[in-house]
Amino acid sequence: MKNYKLILFIVFFSVMYSYNALANVTLEGSVKDKKTGMALIGASISVHDQAGNFLSGAYASNDGSFKIVMKTTGNLTIRTSYLGYKKYTSTMNYSDGDTKTLNIELIQDVVGLEEIVVTGLASKNSKDVSEVAVTKIDAAELTEKQNYSDFSQMVTGKIPGVQMSNASGNAGGGVRFQVRGGGGLNGDGQPVIYVDGVRFTNNEMGIDIGGQGYSTLADINPNDIESVEILKGPVGAALYGTQGSNGVVLITTKNGRRQNDFYQVNVKYTGGWNEQQTPYSSDQFVNADVANSIFVDGAIQETGIGVQGQSGIFNYYFGYTGRQEDGILFQNNLDRESLRGNFSVTPSSEFKLDISTNFVGTESSRPMSDNNITGFMGNVLLFDPPFAFTDSAAAAAVSDRTDNSRFIGSAAVTYQPNWMPNLHSRLSMGMDYMDFNNTQIYSPDYVYSGVAASGAKQVYNQNRKNFNMDFNIGYDWKINDDIGMETVIGSQVFTYKSNTNFISVIDYPSADLTNLLSGLTYQSADDYIREYREAGIFLRQDFNYKDIVYATAAIRQDYSSVLGADANKIIYPRLSTAFRLDNVMDTKDFNLVKIRAGWGQSGQLPGLLAGQSLRWGPLNAGPGVGAQITSIGNADIKPESINEIEFGFEVEYNNAYGVDFTYYQQFATNSIINRPNAPSTGLTATSIPTNIGEIESSGFESMFYASPIMTEDYQLDLRLILNYQTNKIVSLGGSQDLITWDIVGWYENQPRSAFMGQKVLGALFDENGVYAGEDVTADNVYIGSPLPKMTGSFNLSFRFLKDFTFYSLFDFAQDVYTLNYTRRYQVLFGTDVESNELSEQLAAQTPGSAEYIATANKLAKLSANYVTNFAEEASWLKLREVSLRYNATKMFNKLMDRKVVSDLNLVFSVRNVAIWSPYNGIDPEVNTTGSRTNVGRNVDFLTLAAPRTFNFSINLGL
Amino acid sequence: MKNIYLILLLTFAIFSCDDFVSDYEKPNDSIGNDQFKTAKDAQFLVKGVQGLFAEAYDQMTSMAGGLSDEMNFTRDIQGASFVQFDEINRATTLPPLPLNPNNNSIANGFKAVQEFRKHTELLIEKCENDIVFNEGEEGIKNDALYNGYFYSAVAKYFLGSYFGLEINSPGATIDVGPLLSRSELYTMTLADLAEAEKYASEAQLRSINTFRARIYILQNNTTMAATALSAGMVQGDANVNALYNALALNDWFYDSGNGRIQWYAAPRYAAYLDLDPKESARIPLFSFPGTATDSTGAPLNVYSIQNKHSTTESPIRFLGWQENELLLAELAIDGGDVGTGLIHVNNVRASYNLDAIDDQYITDNYAGDAMAMLIAERDKEFFCEGMRLLDQRHFDLWHLDPATSWMHLPLPLAERQANPNL
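Protein chains in written order, with my numbering: chain A, 1 to 958; chain B, 1 to 422.
Don't read these hints as lab results, they were simulated from the structure. C-beta: ideal position from N, C-alpha, C; glycine also. The hints are all genuine.
Just so you have them, the derived chain A footprint on chain B, three or more residues with Cβ under 8 Å:
1) 30-40
2) 48-54
3) 89-97
4) 104-112
5) 168-177
6) 238-248
Here chain A stands alone, though its shape is the one from the complex:
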């Protein structure tokens, strides 16, 4: 380490010595927006010699002007860049003592075509040459307009082909990604997430509270994020191996590179509240008033401070954010503290070192809800009088707290030797260490159905360690002047280890003594270790013909700890190409016309023990500890295989209008379905992983964008995203349908998680005309799907009077169904207003009369005997986000009569503003069993709806 610093200083002073022997030359000029003429303050101007070495640079000042004085001569390349604008390059020839002027006009890069995006593992390109569909979000810009509780809110409605849905309105609750048609049948359908090169644990965990878990995504501080990129399927993600079969999300956090000064201090304060978005109506719920009275306005407070900057070889970002958020049920809150330190060092043109560190401490309190008899929701919505299950004071006295401490860190070294400049290599290592604790306490002062009379405590701990290491080495070379090539080989390794334990103790003497020793009776305990490893090697070959045709051929071989002779390795190939029509045709004002196509393969490996036929574990029961079968595997299990083809095009016109379109088809074969044996076999401890599934999906994702107004005082940006997907389970291999919640399941020749069952056609009557039950279809019929066919969003950003920005985001889902299981139970328990009224009417009407028949038919379609009655059409349109921002920087500095602040923004924002939907429940997007269930989706059973959130933020830069 010390030798390295010495070398650094020697190099530095050597350069300075040789530099001083020459006469000064000067480059001066200005950098402005080509359309508006606005000075681009802070634009970066860098000067490079013929070999591309950096000589000097400057940043544009307040009026856009710059001046660079150098000691050099010869042909120089001047590169100019500014965030959100296309790069500009020019050359100038200097003799000793020359002074030259260069006035630069930059064009807005409306959709970030020139931004570097990840187009695969160890593959980065600018978007305008990318061969795959990839979307990048400028998170830093978004956090200026809106305050986000977690990362998923930031992504909602902004990425074609990707939908985010919150399983509930719990602060810290689970979030589900729906990427395209959902990939294969195996696994939980979730993409793998990397944060600064660290494979991030994205899980939902914790003691059962009725359905929802604690989501580890809550540990990501949205204010730390600089950008989010998503590769959506095997074509883009094939080189990530099995990890990428459901897509790859790449999160990059701030590192100071965007800063123009050695330092900038940012302080942000946000205050706000969550409130119940849609009250329960007394037209639907017998105890609507009581139900609404349990909701509270939950306060939000967030304070953040960050320092970032860059200077020569070094850029950095250090930040702290503390957030306290109360949910809309008083038992629900989330406290998160995040400390981040990122820095990069580029000591020479050969080496670059990036370090990212983040420590997060998240504490939350989760409300009892969903399928939980001690929860408020069930007790007020299902019972009349309310709290018949559990007394309100008793319900309030249940506590569930989670405490997650997490360290996420990575280090990456890039090496490009001067003695072989076409060679580049990168080694990165990342770790995600997490220590999760969940404690649930039932007070001994109350009686709870299903819990011992004198209180209970459960403690759950999990310690997880993820480690990943990536290495790649590549070489750029040319076949001839027209054809450029890049060959890359690399490898990835990943290890996962977790240690889980839990204990449950009951019978407490006092509510104030809650340690485990105070519980009289030990109830249960266990611990288990899980470890597995994955490794992959890949080879990628890129072609570039005259910047017109780009092509990539790649292959990856994955290895895994999964047992089973046929299951521990698999090969995933990829081919893709892109054609820049605008580089061969005279396309006039079309600054980008690109078509692309690709094919890729990925898939999910079986579970760790899937290849072992029978495994036995302990049964700790009355007779003692005995042996019982605990898992049933399949020695013949193979990995799933998903093939994807995609075609797309991107067009940009006049640097202001554009469209990005992708059509895809996915075919999954050998999908691993956990097929339960018939009960009479007695081998039903677990379902058996079996390669019997096939599913196909297809669709398109598109984004239309326009910036019809771009002046100094006004700018209007519009984005419309339209997605369409359809999917069908082609085969379950003859196995029986996998059904949950009575009607939700996987059925052959139906979409995944379809709602199917006998449909009620009307009422049946006996010989006296008296209502005698339901007339139903003889066979099961398809009712609908919880996966919408059409989704999309529309967002508008309007900057007016120079410093005000109005932003709004609508999103929608069409042709989607939600199972209103809450209503089924309301009918069963007599707390559904419409059902009760119909019953009363029927009792007063004359059997056989027209009105009796009509009432009976309505009542039949509310019968709780047939769950299909509660599968409701739930298309929705949501006004998801609205914000108004005022850039008060100039005004404030004018008031102070000097530059006091570099940045002062005031933002007022609202999230979940309004919803329009025919769904009878409150929120059609929730799911009672959290965000990880693969079969049961869109089931609303006493699930807390998402709140409406108001925020006011002050962002101060010094």
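Assemble chain B onto chain A, guided by the hints.
Same frame as chain A, but now just chain B:
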């Protein structure tokens, strides 16, 4: 030259990856199927079978209680919310809440019985093929095989007694085979008991005989029943119980007990106590008010809840000497010998310090019908042990319309869909 380096690197990576992924810590909470090798492993398997028996038995007795006229269901009790239990209690094929094969509680119970049965098979198979018993370990082997065959008989008895395909086709399936009738399953039960007998101790043999007798009585084979009963359990013999602990607890505690209440006891049990408070020794009950109240706030109904399985660890008797006595009483009364029948009945009553009963008692309380007296004695003796359902069928006392009700639990939907032979 550069390509060679790349190829070498690639080759090295391939071999390293394989080694790398194989070097991981194995799970600490399970072992492979091929790791049962010693006599100690046999004992480990035996305890597993006994534990699974207990897991199946409490579910069977609870659902059998609800299906029969022993237990009832009402939402008037706080915490009674299981729709599945409501369906079982109504036991009807008619709307509005028919008992269907998609009842999850029945599915879980059937699954538990079948897993229990499968483990007995695997125990026998491993003892006979895989496990090496050393010299001096014959006793362990015999005990393992006895448990294997005995509990295999119990599992088949559960299948025959508690399940059926349609309302008029009792029976169950094994290993996705065709429906085995109740009679066939009872025959298989007896065959397993014959195998168990080869490895049984003297006390175990008496248990086998009492169990046999039960089956023979249900088959109306009084001759064979009498033979078995003569060599059956006697007073002083330990019960064959299902045992529970804090981790594998007695479901009655949360189905109808101090933990939570779904079932309440039929009113006649409280009436038994009113007639003779000492019967609390056999029918322990506690009172629980309903949620509906009158204008003064007093509950409209007060329900009797079983307190026989009062804790999570309360055992459930499967076989006991008292049953042997009551079966002997049944045979005697059926043969016209009420006096002998009363002797056996009073032997049982005496064990609870209950007063002896006589002909006058039968006249006063059962209109002289001795069999009705016996049925009532069985009702009290086997309270919450899953026997009432069998007695109702055996003595033709079904409380609902047999044409539109289930006298056994319907085979679950999962089995119907997965079994091509159904």
